[in-house]
Amino acid sequence: MEAASISAHATGHDEHEHHGPPPANHSSRVEAPLLGMLIFIISEVMVFGAFFTAYFFIRVAQGDPWPAVGTHLPVEVAGVNTAILVSSSLTLHWAQTSIKNGNRFGLKAGILTTFLLGCTFLFVQINEYANIGFAPQDAAQQTIFYSLTGLHGAHVFIGLLLLLFVTIRSFRGHYSPESHRGVEVPGIYWHFVDIMWIVVYTTVYVL
Amino acid sequence: MLNPLRSESEAFRLLLYVVAFFAVLIATVLIARAVF
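For the protein sequence lines, the chains are A and B, in the order given. Just so we're aligned: 26 in my numbering is position 26 of the first sequence, and the numbers increase by one with no gaps anywhere. Just so we're aligned: 24 in my numbering is position 24 of the second sequence, and the numbers increase by one with no gaps anywhere.
Just to be clear, a hint being listed does not mean it is correct.
As the list claims (entries may be wrong) - Computed list of lysine to any residue pairs in SDA-like fashion (alpha-carbon distance at most 25 angstroms, straight line):
no., chain 1, residue 1, chain 2, residue 2
1, A, Lys-100, B, Arg-33
2, A, Lys-100, B, Phe-22
3, A, Lys-108, B, Ser-7
4, A, Lys-108, A, Ser-176
5, A, Lys-100, B, Leu-30
6, A, Lys-108, B, Val-29
7, A, Lys-100, B, Thr-28
8, A, Lys-108, A, Asn-131
Stated by the list, open to error - Not everything, but these chain A residues come out facing chain B in the computed CB check (under 10 angstroms):
no., residue
9, Leu-34
10, Met-37
11, Leu-38
12, Ile-42
13, Ser-43
14, Val-86
15, Leu-90
16, His-93
17, Ile-198
Derived by calculation from the structure, the hints in this document are not laboratory data. All C-beta atoms in this analysis are idealised placements derived from N, C-alpha and C, irrespective of residue type, glycine included.
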């Protein structure tokens, strides 16, 4: 054993030689999972920006009425849905704070509640589409309405998939006060999705 | 300095700021529409 160790030192290799590609070079001071989410969210802001450009073009540059004549947007139902989504961020923050303090019940209850509130939001959104009374191809305003809310809905769906993984892992005993990056990174994404909805709700439904 | 992408807590804080900002904006616009 000692001879093997001496031999490893002599050849410049460790006893357990590394197999596969060399480890990634970490030149950034930001951790890789956070850096990845940061770049992803910046690209997402640009995607939403493109859709908002179309919205403002129709409404401001073109001067078309919003919503289109003869249509009505369910502002109150969407308002309740907004409250549901903001509540889901509160429960997510509760889950994150709980695991930081070693409270496993808080983590599980918070993350499960967040997931269920997110599902409720998406269900109400789909129900709204089914009963709203106009289709995307009816007019430019309707196209933009479905595009903006649909783009956001797709993000909620992705967020729910992430939350589902976090929920399952939480119930299987993963995460600890020292290691909870798996809750933190989807949490940042979920808050981003909430922030985008506040902007979408204000511009599309209220103003 | 606030960096909402650094941690979940800071992202949550940004969300609260955004909610407060848009609540004030909506209230201002609705009041302005009612008055003028």
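Is the hinted pair A:Lys-108 and B:Val-29 satisfied, with a Cα-Cα distance of at most 25 angstroms?
40 angstroms, violated
Pairwise hint evaluation, B:Ser-7 against A:Lys-108, where the allowed Cα distance is 25 angstroms at most:
It holds: about 20 angstroms lies between the C-alpha atoms, which stays within 25 angstroms.
Does the interface hint hold: is A:Ile-42 within less than 10 angstroms of chain B, judged Cβ to Cβ?
8 angstroms, holds
Verify the interface restraint on A:Ser-43: the C-beta must sit less than 10 angstroms from at least one C-beta of chain B.
12 angstroms, violated
What's the verdict on A:Lys-108 and A:Ser-176, does the C-alpha distance respect the 25 angstroms limit or exceed it?
12 angstroms, holds
Holds or violated: A:Lys-100 to B:Leu-30, with C-alpha atoms at most 25 angstroms apart:
41 angstroms, violated
Quick check on the hint: A:Val-86 CB to chain B CB, less than 10 angstroms?
6 angstroms, holds
Interface restraint verdict for A:Ile-198 against chain B (beta-carbon cut-off 10 angstroms)
This hint holds: A:Ile-198 lies near chain B, its Cβ roughly 5 angstroms from the closest one there, short of 10 angstroms.
Against chain B, run the beta carbon of A:Leu-34 and see if the smallest gap drops under 10 angstroms.
Since the shortest Cβ distance to chain B is 7 angstroms, the answer is holds.
Closer than 10 angstroms between Cβ atoms is the bar; does A:His-93 clear it against chain B? Give me holds or violated.
Given a least distance of 5 angstroms, the restraint on A:His-93 holds.
Hint check: 10 angstroms Cβ-Cβ cutoff, A:Leu-38 to chain B
4 angstroms, holds
Was the hint right that A:Leu-90 lines chain B, CB cutoff 10 angstroms?
With a closest approach of 8 angstroms, the A:Leu-90 hint holds.
Of the numbered hints stated above, those contradicted by the structure are hints 1, 2, 5, 6, 7, 8, 13, listed in ascending order.
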